[in-house]
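Chemist: In case you want the letters, here they are:
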Amino acid sequence: MALDRRDFLTIGGLIAAGTALGSVGSAFSHTASGHEGHEAEPAVKRTGDRASSKNKWGMVIDIEKCGEGCDACVRACRKENNVPHFDDPKLDIHWIRKITFKQKGVPGAEERQMPAMCFHCEHPPCAHVCPVAATFKRADGIVLVDKHRCIGCRYCMIACPYKARSFVSMHVEPKPGDNRDVPVRMHGVVEKCNFCVHRIDSGEEPACVESCRKEGNGAMVFGDFNDRASKVSEMVRTSRARRIRPDLGCDPQVFYMGI
Amino acid sequence: MATKIKHTRIEGKSSAYLVFMIVAGALAALSPLSALYLFFEGHHVTSMTNQVPWGMPIVMAIYLIGASAGSLVLSAMSSVFGRAEYKPFSRMAALLAVLLIVAALMAIIMDWGRPDRILVPFFHFQPRSMFSLNAILYSLYMALGIVYLWAMFHNKEKLERLLGLCAVALAILVHSGTGAIFGFVYVRELYNSPLLPPSFIAAALSSGTALMIITLHYTFRFTGRKLDERHVHNLGKLMGVFILVVIYFIFIENVTRSYAPKNYEAASFLLLHGGKYTAYFWIGLVLMGLVVPAIIALNGATGKSVRWILAASWLQLAGVMLERYLIVIPAQILPLEFFPNKEITSGFLDGQFAEYSVSLLEWIYSLGLAGVVMFGYGLAIRLWPMVPTEAAYPEQLLKTN
Amino acid sequence: MLTRAGSVVVFLAVLAFPFFYNLVSTGYSSSATAQPQLKIAKPGKCVEDTAWMRKNHMKMLIHVREKAVREGVRSVDHSFHGCINCHPKREEFCNRCHDYVGVKPECWNCHHYDL
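Protein chains in written order, with the numbering used here: chain A, 8 to 266; chain B, 174 to 574; chain C, 919 to 1033.
Source of the hints: derived by calculation from the structure; they are not laboratory data.
Since the structure is predicted, the reported quantities are computational estimates derived from the model, not experimental observations.
Keep in mind that a hint or two might mislead.
[As the list claims (entries may be wrong)] Below, a list of computed lysine-lysine pairs in the DSS-like style, where the Cα atoms sit at most 25 Å apart: (1) B:449 to A:97; (2) B:329 to B:260; (3) C:985 to A:144.
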């Protein structure tokens, strides 16, 4: 039997239907992006308060100040959040890491370092793809993983452009020496930097920023972008503040100066 | 319908059946065993890492969903599209569709880090997540497939037609959704493509047809029932055409991607210097998985030989598996770009090509899923009248040819 | 050779395995003889009514958790930080009941209770 017209129409129809679905899907996946809209009273969050959209937490990192070989932020984060070492670079959990970068294809190019963590995007792709809304953006802009709800499908790790996420692939137990303010982890759950949300909720700054100021070179500054008088707002108003991969439109809330 | 088709249960007394069921059962048992091991140990026992979070289980899942959607469309050919020559194996195809989607759901869920939280997705619907949408689509699809099968058994022609139509629509939606899981990921050049949903459907149809040919042939041979060879020729042709469509999509997708300078790195990784991935692509997928089976199926002489068509079907099944692998894996191997034109390194393996090779556990896991489908099929044709006593070719069609 | 009914039975048995496994492994039947002896470290009042707590502490903890994690409303005495202040030893309090009824909350995988 040769293929007749009906076969071709059938096949063509199936494919057309598939194509239509693809385009409809992508249409609703883009929303307008606005930033630094409100001019609100500076709001301080205290224990027991609800996170509110009056705040918009973010960070500015001055790379020129970031010291070579200094890993105060990484160490502080590991200590604060009880991040373990698995001795296997492929499986290790990283909430914050130091990245070394240089011009590609230029021999002897200058090397620079910068810390990178979760950038707490305004339009977080990880939260968009999470099937159970375990990853979500809190009212004050912090992108969090609800470890109680995560099913471990790892779609967020596929969707994150910044490789901010780690999957716990080994059993870890709470240990007596741990920081008791931060519960630890269970294998099968995805986790990432949460801007030390427990500290923010009691009015402190993230551990990495604190240790960068105290032990490092003060390259990291944390604050509220909604507060026009805050240090971070002042810094992002300069022309030197940049986001990583702005072309993607995720609008990270971590800015870098001197890239 | 010109001829009344009589379905009966198979006897299941032959030693071939016993051997098949023992082998399939043993394989099927591997599935929950490997899943339990994975659940209690954590994913460090596989080669999935923080660089390559999705491995063989996801490859299997989309492969099985594809084969399921393809089978369902074939099953509905007779009732919905009025093609009498597909009638004899309509039930078998619908059965396969249901079994395959069950195995696919197992593949997805057992791969979660916390499969014990299985009920969570049903309580937290997230319309923007392709996974969440698909969870609903897959469940609906499975339920509809079962009702459709039931309608076929009770000779409710009108209902069967209606359900078949819905099921085909849903199959297409389900598989487009599966393609969209990857196509919508805009941060990875090798995923992001509006062509993935339709291309998934084309591959679903071709692999579904290949699976049907294989199932038909062996079922009829081992039950000693009569299968008119023209069924195989016909399905072979259909498969050939579907493969051409797959080739077309793969061609367009890669050409489009390669055109933009910003994608040179990603495109050339897959097509030119990706090591084993490039070899898999050109030799495994394009040559052995697509071109050769298409030629066999569409060529006049080989297209009339059951043996050749069977060989082409096996090649096509393996080819589509490789296609799924090449969709899922290389996009994760390629490092994410932090800054264009800058080289980056870090303790988290940023800026480096990741490594992935299927681990033993993932092989066992995948074989287990195949075992589930085989065991379910063997059991179902023993329990219910699925297989026709004789698959004659409808005569009135011969006249039009 | 399996008969039709036989194979259905085998299939159901396989499906039901986890259920029976749980039944055996958590020992519903064996330990149901003794009432749990609770040790109240700091006599006084619980954060809510005792009878209510006995019945609803799990729902309360989950409610507190949703509030804390998703909205940032952190409670001191109604979350684990509170429980541990007055019920410092899990072994002598929480676990006595839980072992008795055979529940094993997954919380301790992550939450430091009496470490």
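Chemist: Under the constraints set out in the numbered hints, which ones does this structure not fulfil?
Modeler: none
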